[in-house]
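Chemist: Chains as they are written, first to last, in my numbering: chain X, 1 to 350; chain A, 1001 to 1350; chain L, 2001 to 2350; chain Z, 3001 to 3350.
Think of the hints as simulated: they come from the structure by calculation, not from any bench. Given the structure is predicted, the values throughout are model-derived calculations rather than measurements. It is possible that some hints are incorrect.
[Unchecked claim] Partial list, computed: chain Z residues near chain L (C-beta under 7 angstroms):
{"hint": "1", "residue": "S3233"}
{"hint": "2", "residue": "Q3294"}
{"hint": "3", "residue": "M3323"}
A virtual CB, placed ideally from N, CA and C, is assigned to each residue, including glycine.
4 protein chains.
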Amino acid sequence: MKRKVAILGATGAVGQRFIQLLQDHPWFEIEVLAASVRSADKKYKDTRKWILSSDCPPEINEMTVVNTDIKSVEKAGNVDFVFSALPGGIAGPVEEEFAMKYPVVSKASAHRLEVDIPLLIPEVNPDHLAIIPIQKSNRNWNGFISTDPNCSTIQLVITLKPLMTFGLKKVIISTMQALSGAGYPGVASLEIIDNVIPFINKEEEKTESEPLKILGTFDGTRVQQANIAISSSCNRVNVKDGHLQSVFVELEEETSIEEVVKSFEKFKGKPQRLGLPSAPDNPIIVRGEENRPQPRYDRDEGKGMSVVVGRIRNDPILTVKYMCLGHNTIRGAAGAGILSAELMAVEGYI
Amino acid sequence: MKRKVAILGATGAVGQRFIQLLQDHPWFEIEVLAASVRSADKKYKDTRKWILSSDCPPEINEMTVVNTDIKSVEKAGNVDFVFSALPGGIAGPVEEEFAMKYPVVSKASAHRLEVDIPLLIPEVNPDHLAIIPIQKSNRNWNGFISTDPNCSTIQLVITLKPLMTFGLKKVIISTMQALSGAGYPGVASLEIIDNVIPFINKEEEKTESEPLKILGTFDGTRVQQANIAISSSCNRVNVKDGHLQSVFVELEEETSIEEVVKSFEKFKGKPQRLGLPSAPDNPIIVRGEENRPQPRYDRDEGKGMSVVVGRIRNDPILTVKYMCLGHNTIRGAAGAGILSAELMAVEGYI
Amino acid sequence: MKRKVAILGATGAVGQRFIQLLQDHPWFEIEVLAASVRSADKKYKDTRKWILSSDCPPEINEMTVVNTDIKSVEKAGNVDFVFSALPGGIAGPVEEEFAMKYPVVSKASAHRLEVDIPLLIPEVNPDHLAIIPIQKSNRNWNGFISTDPNCSTIQLVITLKPLMTFGLKKVIISTMQALSGAGYPGVASLEIIDNVIPFINKEEEKTESEPLKILGTFDGTRVQQANIAISSSCNRVNVKDGHLQSVFVELEEETSIEEVVKSFEKFKGKPQRLGLPSAPDNPIIVRGEENRPQPRYDRDEGKGMSVVVGRIRNDPILTVKYMCLGHNTIRGAAGAGILSAELMAVEGYI
Amino acid sequence: MKRKVAILGATGAVGQRFIQLLQDHPWFEIEVLAASVRSADKKYKDTRKWILSSDCPPEINEMTVVNTDIKSVEKAGNVDFVFSALPGGIAGPVEEEFAMKYPVVSKASAHRLEVDIPLLIPEVNPDHLAIIPIQKSNRNWNGFISTDPNCSTIQLVITLKPLMTFGLKKVIISTMQALSGAGYPGVASLEIIDNVIPFINKEEEKTESEPLKILGTFDGTRVQQANIAISSSCNRVNVKDGHLQSVFVELEEETSIEEVVKSFEKFKGKPQRLGLPSAPDNPIIVRGEENRPQPRYDRDEGKGMSVVVGRIRNDPILTVKYMCLGHNTIRGAAGAGILSAELMAVEGYI
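Isolated chain X (complex conformation) (with noise of 0.2 angstroms):
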């Protein structure tokens, strides 16, 4: 029997990919597509641009799309769960609404930080998921409200959490993002065409403040924030999907190149050793080449959930630096919400 679930933000870029990506899993089924009322009582077909290369499937594209209101979704259907791929600006109140009954696994950025609410990457802080019972208890909840980092800031944590037996201590990015990191229709095509935009709305404050909380200690009562420190620069590019990184670290060991290629290559998480079907069987994949990791390339290493790291060298001011990239729209959006939902079905949270 698979767990039942409905996808609030259906219609959008990170709910075509929860729908594909659940085309066949093991363990869950969509039992619901929920969005705004733009698009409830319309069939799911006509609501919205397919963006992905794979068509929509049929049965998927006859589904009647409801309101993202808890009794529409009911009305719908019985489901065990939900994963919201919400917009930042009206994911709080509804997932809030939601988490009263369900568990709400969530790639919006509303409560990331919130001190009761676990910011997850399975492979990197499972333990964090024990905040979980406190946070039902604090507000009351028969469901509860989980949350996925930022895409840029997943693919980026999981090369630091090898790090921190070397004592990590700063982390300096500068950031090529992709297209499909602004959703549809996102980013105009005459800002793009032969430019690069130097800006992303948030970006630079979610990659500085979520890893702390992600790579923090949690000591049964909350997390303590790691004792790091992250600065960001963020860019848009002209790459359809894959987010490139140019990371700077700084570690307290004297550690050899040698010795954080290893760190990275035998890194591995819950997820491998439980072999959740969507864990990637290496978290982080190093290429040797002088010019690699590239988007076009490495994006869909280990089915889009591996994070590919490159050009590890020395850093003549800090200690390391090496580039990393991740695919944004499945390592970094709708495959981390069901990789987290997995491993939370798997230690009986869903």
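Go by the hints and put chains A, L and Z onto chain X.
Modeler: Same frame as chain X, now just chains A, L and Z:
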């Protein structure tokens, strides 16, 4: 009477820019076009694919290209000095041959780091020209070599110069560089469509070493390297012209963003004071929008000779971070050479 | 004394081009900027994203935008005539309201095919302006409406006009149209990266019908449609500006390629004879290279007002085939309107 | 027992596709990789830049490349037949050398139009294989040459074949072709960014002549050319893979759009009837949307072996117009060769 000039490497991407920018130049005129044996003795129009938007001037097209040796050039015309746009690999000995008799203003990397050869940005270190007499004496040359820095170095260092007054200590950059920086044919379209290439051969080494010499102090005998540290990560993006850089700097003195902005805006150099023909009114232009500079919109500022800076903000790890943009084949290449020659003309070197 | 003009639809992509091209215009000056309610009463700079490379003139930025109704415009200033860059959907009634009092030079499609309204290309059918008195009498208007054709139509018809002397019968075109033709935000970057979109709404209908009116004969009472047949297939490609067309034509008379080339090269119209300020020296420029015209290299010919033709060759099925290129937002939009107004000014219509 | 094959021209863009598509092929296995002298005696991984998204198989990377002469190939292994992905210029004599002993399935243009050599599309003219015995007898060869058409030709002709039943008379096409069609390095990025190139060397000649042979009738002795006329205009656009064509056709019989659609949809060929491993279920897929096919969305249909057609509509001049799209390096190149070889295997030619 205009000074007559030979262009070595006249058929390449930088050579073409020299030709374009020297059209109607008030002080210089093209007398000889020199290139490799493959092009020698052909009409210029039959030697290359012209890659600039404005057509090649017809009278240039009809000129006969000669081989890049001193005899062939002298046979073709009397020249007062030489611009070298030769490829790094072959520039070394050829430029030395010409320097025995002629001033050589070189865009090539071969001699940049040699101790008695200026590495010049006219707004930044015009006093380094005083190495030239030492060079001539050292090498027993009637002419001399003066070099222009790497394209990414030039725009970076123009923005670093005013920051020196605040006690500049550390600089971390991540670049997003344009296709024209790789010359023609350069980057294959199949490599860059929907992609970023996180590697440019030797670019990180150049941008980490050249600024130390340019920002160094000439003590009457030699240049003492500046006491700053630089770390660089270089990327190729799908943009025609205009290198964009994320820059993070550490300053010793406490400084406000307003003071940094003011130091950029009021920065002028000797070319501005002398009113050199190719000098932009403002070497640095500061844009206040949250999403500028952008290559397609800002690269032509000051006829491609201004560096455009934006997003100047506090850095959580170092002191300040900002974006800077420069036109890589104008300010970063041919325009740099011409401005250098203009300064040398006024100063009596050519 | 310059004629004062209001721009209706001043905030859109074509409105911006009108503003740019009217800077320093010798005959016309901008008096009023009008746009939809959403922009009314705001400073121009606060109403839109400026999408052109050169900055918006500061004095324009400070102008207050008014609503596009006649009262609001009149309250804002005294105008001699009106440029309409309104969206097709709303242009119809608004232009009619203004035409009761003012000459309206319209880029909108609403009235193009009406029998008593000129569809004007100044080089092609300047005599069609004689419909205006009939229109004013018919409609009892003090002003009038004159329309400019669709962007793809204009460049095509300029090349068809000289071919009329050879007995033009059939025209088949396949277009590759630029992003700016869709306005801003227009085409989403996610749709066009690594892609072509083989459909542009209503474009095939427009390019198949409008030329018949433009190339038709004014018999003193009305325009008799030209007896030619046109078939069109329209595509959007990843190019910023410049529509490129593959054109196949059937001519009744036996004609050599040389004669066709000559007919293009010697083609001049009334704007050239009158020396109108925006008239290019050559409405058609023929390139002899095997691979021209190309959008990025040729779109700015004649300040964007020339149509560039190339690859003129025999056609195995019809008679001749060739490529033609025009700048879609200059010759195809704002520049077309300004040139039309210049002609009307000389002819005493405005 | 799989048939063993040598790939001539194994290092180029088409050679790489052959390698990719032959991985795990049920009938064929790669025994020898041959390329020019420059690559000979090196490991495959040291000979080229791999340009496909999926990595080159490691065991292929370790194979030693040999020179493309029969002795070197025979020394390297026993092969049953040969795929030729050689450049047009050198394919002629090399293929003839191999054909004296081996079946040669060639993607090169050298022999396509020779009267006793098949120009094969397995769905279209499988009966033309019967020329092979005549060829062997004519030329006194133990092997033979069979050729695959130009990439644009293949996808076009697959759509023309079902139209033959309606009395196909005239075909006019304008193509928008992908970058990968030019091989690697192929088109320089500086040439195609923000641009279209309206010229591809020899492409118009090939697409105008090859279909006449393919659609011709084998009368037991030779192929009688089909009595149709074709005019072609070929353009390069900024798309990675997938050639898109605007097609205008004249049919003798009165035909409705529905009948044309049906003829496309029901079209199957011998590869489908035989269930060949590389045969797509549907050689032609019809999309009903107003804006399809599009290269990025539709090029991988049928694993890149289906041609996707859309926008089928009446033509005001000829009879019908439509868009067609095919993956140029799969259906248009390596996949075409493999499907041809599969047919020849079943028919006993190899």
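Chemist: Now tell me, hint by hint, if it's right for this structure.
Modeler: Going through the hints against the structure:
1. S3233: This hint holds: S3233 (chain Z) lies near chain L, its Cβ roughly 4 angstroms from the closest one there, short of 7 angstroms.
2. Q3294: Nearest chain L Cβ about 5 angstroms off; hint holds.
3. M3323: This hint holds: M3323 (chain Z) lies near chain L, its Cβ roughly 5 angstroms from the closest one there, short of 7 angstroms.
When each numbered hint is compared with the structure, no violation occurs for any of them.
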